[in-house]
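**Q** The residues making up each chain are set out below.
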Amino acid sequence: MSLQRVTRSTVIDAPIERVWDVLRDFNSHLYWHPIIATSEIEDGQSADQVGCVRNFTLKDGNALREQLLTLDDRNYVSTYCILDSTIPLQRYVATVRLKPVTDGRRTFWHWQSTFATTPGRERELADSVGNGVYEAGFAALRDYLRGRPRADTTPTRRAAALRNDPLEAQAIVLGGRGNADQLKMVAASAAAPAAGEVRIRQTAIGVNYIDVYVRTGLYPGLVEVGGVPGFEAAGTVIDVGPEVTHILAGDRVAYACPPAGAYASMRTMNAEQVLRLPEHVTEEQAAALMLKGMTAEYVLFRLHRLAAGETVLVHAAAGGLGMLVAQWARALGAMVIGSVGSEEKARVARAYCDHVVINSDGRFAERVLRASAGKGADLIVDGLGGAAREENMKALALTGHWISVGQAAGAWQPIDPEWLAHKSATFSRPVIFHYTVAPRQLREMSTRVFDALRAGTLQPQISRYALSAAAKAHHDLESRRTVGQVVLLG
Amino acid sequence: MIKVYTSTVIDAPADAVWQRIRDFNGMPNWNPLIADSRIEQNLPSDRIGCVRNFRTRDGGTIRERLLTLSDYDYECAYAILESPMGVENYVATLKLTPITDGNRTFAEWSAEFDCDPARERELSQTIGQGVFQGGFDALKTHFAGRR
Numbered sequence: 001m002s003l004q005r006v007t008r009s010t011v012i013d014a015p016i017e018r019v020w021d022v023l024r025d026f027n028s029h030l031y032w033h034p035i036i037a038t039s040e041i042e043d044g045q046s047a048d049q050v051g052c053v054r055n056f057t058l059k060d061g062n063a064l065r066e067q068l069l070t071l072d073d074r075n076y077v078s079t080y081c082i083l084d085s086t087i088p089l090q091r092y093v094a095t096v097r098l099k100p101v102t103d104g105r106r107t108f109w110h111w112q113s114t115f116a117t118t119p120g121r122e123r124e125l126a127d128s129v130g131n132g133v134y135e136a137g138f139a140a141l142r143d144y145l146r147g148r149p150r151a152d153t154t155p156t157r158r159a160a161a162l163r164n165d166p167l168e169a170q171a172i173v174l175g176g177r178g179n180a181d182q183l184k185m186v187a188a189s190a191a192a193p194a195a196g197e198v199r200i201r202q203t204a205i206g207v208n209y210i211d212v213y214v215r216t217g218l219y220p221g222l223v224e225v226g227g228v229p230g231f232e233a234a235g236t237v238i239d240v241g242p243e244v245t246h247i248l249a250g251d252r253v254a255y256a257c258p259p260a261g262a263y264a265s266m267r268t269m270n271a272e273q274v275l276r277l278p279e280h281v282t283e284e285q286a287a288a289l290m291l292k293g294m295t296a297e298y299v300l301f302r303l304h305r306l307a308a309g310e311t312v313l314v315h316a317a318a319g320g321l322g323m324l325v326a327q328w329a330r331a332l333g334a335m336v337i338g339s340v341g342s343e344e345k346a347r348v349a350r351a352y353c354d355h356v357v358i359n360s361d362g363r364f365a366e367r368v369l370r371a372s373a374g375k376g377a378d379l380i381v382d383g384l385g386g387a388a389r390e391e392n393m394k395a396l397a398l399t400g401h402w403i404s405v406g407q408a409a410g411a412w413q414p415i416d417p418e419w420l421a422h423k424s425a426t427f428s429r430p431v432i433f434h435y436t437v438a439p440r441q442l443r444e445m446s447t448r449v450f451d452a453l454r455a456g457t458l459q460p461q462i463s464r465y466a467l468s469a470a471a472k473a474h475h476d477l478e479s480r481r482t483v484g485q486v487v488l489l490g
Numbered sequence: 491m492i493k494v495y496t497s498t499v500i501d502a503p504a505d506a507v508w509q510r511i512r513d514f515n516g517m518p519n520w521n522p523l524i525a526d527s528r529i530e531q532n533l534p535s536d537r538i539g540c541v542r543n544f545r546t547r548d549g550g551t552i553r554e555r556l557l558t559l560s561d562y563d564y565e566c567a568y569a570i571l572e573s574p575m576g577v578e579n580y581v582a583t584l585k586l587t588p589i590t591d592g593n594r595t596f597a598e599w600s601a602e603f604d605c606d607p608a609r610e611r612e613l614s615q616t617i618g619q620g621v622f623q624g625g626f627d628a629l630k631t632h633f634a635g636r637r
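Protein chains in written order, with our numbering: chain X, 1 to 490; chain A, 491 to 637.
Hints in this document: simulated from the structure, not taken from any laboratory. All of these numbers come straight from a predicted model, not from anything done at the bench. For each residue, glycine too, the CB sits at the ideal point set by N, CA and C. Do not take every clue at face value.
Calculated lysine to aspartate or glutamate pairs in the DMTMM-like style (CA-CA distance at most 25 Å, straight line) [claimed, not checked]:
| no. | chain 1 | residue 1 | chain 2 | residue 2 |
| --- | --- | --- | --- | --- |
| 1 | X | Lys99 | A | Glu530 |
| 2 | A | Lys585 | A | Glu610 |
| 3 | X | Lys99 | A | Asp536 |
Every beta carbon over 12 Å from chain X, so not counted as near; a handful from chain A, in silico [stated by the list, open to error]:
| no. | residue |
| --- | --- |
| 4 | Thr498 |
| 5 | Glu530 |
| 6 | Val541 |
| 7 | Glu565 |
| 8 | Val581 |
| 9 | Pro588 |
| 10 | Gly592 |
| 11 | Glu598 |
| 12 | Arg611 |
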């Protein structure tokens, strides 16, 4: 059987980075191509894993398995082949190649395949591949990027008109240093985006313990009195300024980065750290997961590199970060001991911890040692800080790694390196934003978090407050009334 | 090694655009920056290795050797032998690809070369925006409204 070749090409009116961001995702056809009924990547692999297989069905009932052979972010090329198909396509190999149109920020898209088929059906299949798949795909991706979703997908995307005027918004400002009542709602505005900026209508805003430390003054210099706190939010892009190529108006996006200013219904900010959300992640989930999920990611995969069989002690295991760390550590094969402050929280944490220690009196080390057959924890993920230092040292295994991710039980006093020698301990005091400053690493980290959400490894439990109730959210967080992740709705 | 890349969409079939640019000696016919051109040693202009010797409107003389000519891939590559620009190891490629959607042409013109580091920006701008984009603009104007 001889091979035949099918080639189609077009020009898409969007920057190449934005088009590639969709096409490099081997499973994205589910969201933009109208002939696809169901699709998933097999074995829970990531859609940018070369060798991964997408297993999908068409609306006409046909079923296919296709394998990713090449993914080239530098040259914008993706190559894949059919492994199994109910359609008689044999030796089918296809290449998607993008090139920039430099005069006009557009994208040339070339889609080509070679295949053999049953004698007599060559013409029919060449037409169905070229027109039914490739040309229909061109039109569908164009609609998708314009913010007109397929009728049967859920996210509502709004094509926004470009406006040069500031838009009215509400924001929470810091009235002064002190308790939660210092958070006050005011009228604000979001300026039209300048070069490199994006203006976002924020629907969900993440509340983090760092926001409390900023408010009280424990972490000085991040938000001035009168400024807007918050480092994390998700929403929809209203418009983008010149030189922004990776996102378009109507895109659903999220970020977790300085400078502060997230507690607002609308925000204009530098677009560099703003990521487009995968279709399977809601804006609420993104606001709950960006900062805390990426913290869990770097703690477990970069700073410590957790191995199966290790014992992990996670403080505040029913809290926003502790819950995610515990769920992920357990999925990685660790023995997870969670410490919580009440029986109510213990009931939550037992769902994903091997042992739960109720730490109402500040004495948990004995119970951790008992749960780990006297060995102690190889890794402590410590959101408590100062007042718990002696107990943590007692609970740590020899050569263990102790990572400070918060100071809910009081600020740190200086630590003497000689004190660490008692257990050959490693003590880390990391800052998440140092791990996310490189765009490639930010993307890797957030992708791993969202993949873990899709796989069910991370199961956030979100507490929702109105933006105007930010003071109450802080109050509840500090008085340890909340479980899981706290999100303000913009 | 400096790389310059310029691309555009021309509203004409690739065959028609190729017909207009294929002649290695034909630049004065379509590129307003070129005053005149001849092929040295009376070689045919589609003989690989032939040298075109041409003058730009601002009076510079440039000699370029034909390295690649493909009627199948709509592609032409050439190297600069002599020029007043101050570039070394200069190789450029001009390539057309049909856009099946609308029967148009995607045109790419790229170059790689070495030069004095202090002049990288200026030369990239001159070559990418002046020479290549200038040539594309002339082609786009020529084909505009012809169908």
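**Q** Each hint: holds or not?
**A** Status of the hints after comparison with the structure:
no., hint, verdict
1, X:Lys99 x A:Glu530, "36 Å, violated"
2, A:Lys585 x A:Glu610, "24 Å, holds"
3, X:Lys99 x A:Asp536, "28 Å, violated"
4, Thr498, "5 Å, violated"
5, Glu530, "33 Å, holds"
6, Val541, "29 Å, holds"
7, Glu565, "14 Å, holds"
8, Val581, "19 Å, holds"
9, Pro588, "7 Å, violated"
10, Gly592, "8 Å, violated"
11, Glu598, "7 Å, violated"
12, Arg611, "16 Å, holds"
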